[in-house]
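Enquirer: Kindly produce the complete structure, drawing on both the sequences and the hints.
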Amino acid sequence: MTALIVDDVTKVYGEGHTEVRALCNASLELLDNEFLALLGPSGSGKTTLLSVIGGLLAPTSGRVTIGDTLLTQLSRKEQTRFRANRVGFVFQGFNLVPFLTARENLTVMASISDGSRAEIEERADQLLEELGLAERHDNLPEQLSGGERQRVAIGRALVSDPDLILVDEPTASLDTELGTQVVQLLASEIKSRGKAGIMVTHDLRMVEYTDRTVRILDGELLNGT
Amino acid sequence: MRIALAEMRRRQGRWATIVGAVSFIVFLVLVLAALADGLFIGSTGALRTGGSDALVYSIDGRRSLVRSELPISQLSAVAAVDGIADAGALGVLLATAATAGDSFDIAVIGHLPGHVGEPGRLVAGRRPGPDERLVGMADVSLKTEGIDIGDSVTLTGSSQPVEVIGFVEDSQFLLADTLWVPLTTWERLRFEVRPETVGLGSVVQAYPILVDDRADVAEVASAVDAAFGTTETVTTDEAILSLPGVEQQASTFTAIIGVSFLVVGVVIALFFALITLEKRGQFAILKAIGSSNPLLLTGVLVQALIATVAGYLGGFVLSRLVALVLPAAVPVEFLPSTARSLFLATIGMGAAGAAFSFRRIIRIDPASALGGEA
Numbered sequence: 001m002t003a004l005i006v007d008d009v010t011k012v013y014g015e016g017h018t019e020v021r022a023l024c025n026a027s028l029e030l031l032d033n034e035f036l037a038l039l040g041p042s043g044s045g046k047t048t049l050l051s052v053i054g055g056l057l058a059p060t061s062g063r064v065t066i067g068d069t070l071l072t073q074l075s076r077k078e079q080t081r082f083r084a085n086r087v088g089f090v091f092q093g094f095n096l097v098p099f100l101t102a103r104e105n106l107t108v109m110a111s112i113s114d115g116s117r118a119e120i121e122e123r124a125d126q127l128l129e130e131l132g133l134a135e136r137h138d139n140l141p142e143q144l145s146g147g148e149r150q151r152v153a154i155g156r157a158l159v160s161d162p163d164l165i166l167v168d169e170p171t172a173s174l175d176t177e178l179g180t181q182v183v184q185l186l187a188s189e190i191k192s193r194g195k196a197g198i199m200v201t202h203d204l205r206m207v208e209y210t211d212r213t214v215r216i217l218d219g220e221l222l223n224g225t
Numbered sequence: 001m002r003i004a005l006a007e008m009r010r011r012q013g014r015w016a017t018i019v020g021a022v023s024f025i026v027f028l029v030l031v032l033a034a035l036a037d038g039l040f041i042g043s044t045g046a047l048r049t050g051g052s053d054a055l056v057y058s059i060d061g062r063r064s065l066v067r068s069e070l071p072i073s074q075l076s077a078v079a080a081v082d083g084i085a086d087a088g089a090l091g092v093l094l095a096t097a098a099t100a101g102d103s104f105d106i107a108v109i110g111h112l113p114g115h116v117g118e119p120g121r122l123v124a125g126r127r128p129g130p131d132e133r134l135v136g137m138a139d140v141s142l143k144t145e146g147i148d149i150g151d152s153v154t155l156t157g158s159s160q161p162v163e164v165i166g167f168v169e170d171s172q173f174l175l176a177d178t179l180w181v182p183l184t185t186w187e188r189l190r191f192e193v194r195p196e197t198v199g200l201g202s203v204v205q206a207y208p209i210l211v212d213d214r215a216d217v218a219e220v221a222s223a224v225d226a227a228f229g230t231t232e233t234v235t236t237d238e239a240i241l242s243l244p245g246v247e248q249q250a251s252t253f254t255a256i257i258g259v260s261f262l263v264v265g266v267v268i269a270l271f272f273a274l275i276t277l278e279k280r281g282q283f284a285i286l287k288a289i290g291s292s293n294p295l296l297l298t299g300v301l302v303q304a305l306i307a308t309v310a311g312y313l314g315g316f317v318l319s320r321l322v323a324l325v326l327p328a329a330v331p332v333e334f335l336p337s338t339a340r341s342l343f344l345a346t347i348g349m350g351a352a353g354a355a356f357s358f359r360r361i362i363r364i365d366p367a368s369a370l371g372g373e374a
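Residue numbers (my numbering), protein chains in the order written: chain A, 1 to 225; chain B, 1 to 374.
To be clear, the hints were calculated from the coordinates, so they are not data collected in a lab. Keep in mind the model is a prediction, meaning the values are calculated, not measured. C-beta atoms are modelled at their ideal positions from N, C-alpha and C, and glycine is treated no differently. One should not assume that every hint holds.
Going by beta-carbon spacing under 8 Å, a handful of chain A positions derived as facing chain B [claimed, not checked]:
no., residue
1, L50
2, S51
3, R81
4, I112
Expert: Below is the structure:
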């Protein structure tokens, strides 16, 4: 089934002389159980596209559909709720809440999403086990290594059982070896759950762990659909 | 809210800073308020606890319990004015008194036993009867001068000792200790201590009056003044505020306390402005993963309320500890009603201070969480 349809999306910043077209008529389709790499240099528009897909940024024109929901038609409030329940994010760097333990960084989603606390706590424990963090569940981010922090971030993205996982430069703060391990783990977790995922990267070495690669340059998708 | 509570639990050092700052300001405010209450109570008890609705002064006395002079012979005519349920008399004599070993300033207040105007709160002994001579009730503050029931107090210039037969509380006059004696005794003492007043005859300073349940105090006051032409009748509240320095003290302390509360609000507002700036990235991440603005703002509000409640409790404990070591001469009164009002005001200012960060938090763009900006 189609998990995501990006249909003719354009994003323009500013107007007149200061106008910048960050995305030009971008179209893309993603199936369930598909992990896609969005590859492009800095300033190519990949973060803008990820923001539009995640409902963080409204496109100037075009439509984004996730599952059966036309995301671009939802209000800001509805989009926030949609993100909490249907979209998982893994951010560049670790971006964990620094004063929450590894487990709490996952169970925080119980306060944010509509899922029941018991369900999310159970899933969090299961994820920590799978991610090899069971022994570290009570540690604060500052007590974890870079790889462990990124694994916690992956756990947080998955704990509310979203349909779509958006990953922003997951290897930016890691060395090559650790970065590879994290992307492998990410691919495995996404695929094993039958989810759809998009990973923004400029690291060519990471695309081999994805099902498909789409390149973006100057806001244009070169092989989107 | 769990995030907000976890932050406070795990970053105690940071929160201790704001709690400490609020504690010190609250401590200052509580001590100032206790001083204000102490000064007010110590200045006004003689009028406040007498149970009167209004006081009749001589018009040229300009509401002063020292300058006003009314002939005692006029009292029955005042009591007969329509709407008056009871009328008493108050005479004030500022003097120096001596016990066996010490001398001290004292306000000797003459009153009519059994009538409005006598101090309301007898805490030990008994009240003098209407016909008793050279007996009186002392304010409990006189216990610090070593006076007890059965002791005698002799005024400087008088040869007639007054026996203390009871103690009343909250009956001070302009921060002076008081001795309440029947009017006949008071007049004898006055003539002895201030012989220049003999020529004035039998005068008192004011008639406290109690109006009928159905009568209007202002209307009765107007009726008294219209009937005599030489009196100025004011409500007891007005009479209290007319006591020298009372209104000025109250407004000065109110201004200082008000400014201190503004400081509480500003301190909280600055603190939250700083941590909002610092946590900008974190708020962006939380918004990106689906946190709503109300959820984030509730967390900030809860943190502000906890910080202000903890700050208030810290300031409260500190003020009580300081009260233990304050000299007895410092007129401080820690009233539960004041503590309650200040508690609510502190909470209000804390919430208002935190609310200044709300707009900043609402404006944080969740899209800034992507691209490594957060």
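Enquirer: Run every hint past the structure and note whether it holds.
Expert: Checked hints:
1. L50: Because about 6 Å separates L50(A) from the closest Cβ in chain B, which is inside the 8 Å limit, the hint holds.
2. S51: Constraint on S51(A) satisfied, holds at 5 Å.
3. R81: 7 Å, holds
4. I112: Check passed: Cβ of I112(A) comes within 5 Å of chain B, closer than 8 Å.
Hint compliance for this structure: no hint is broken.
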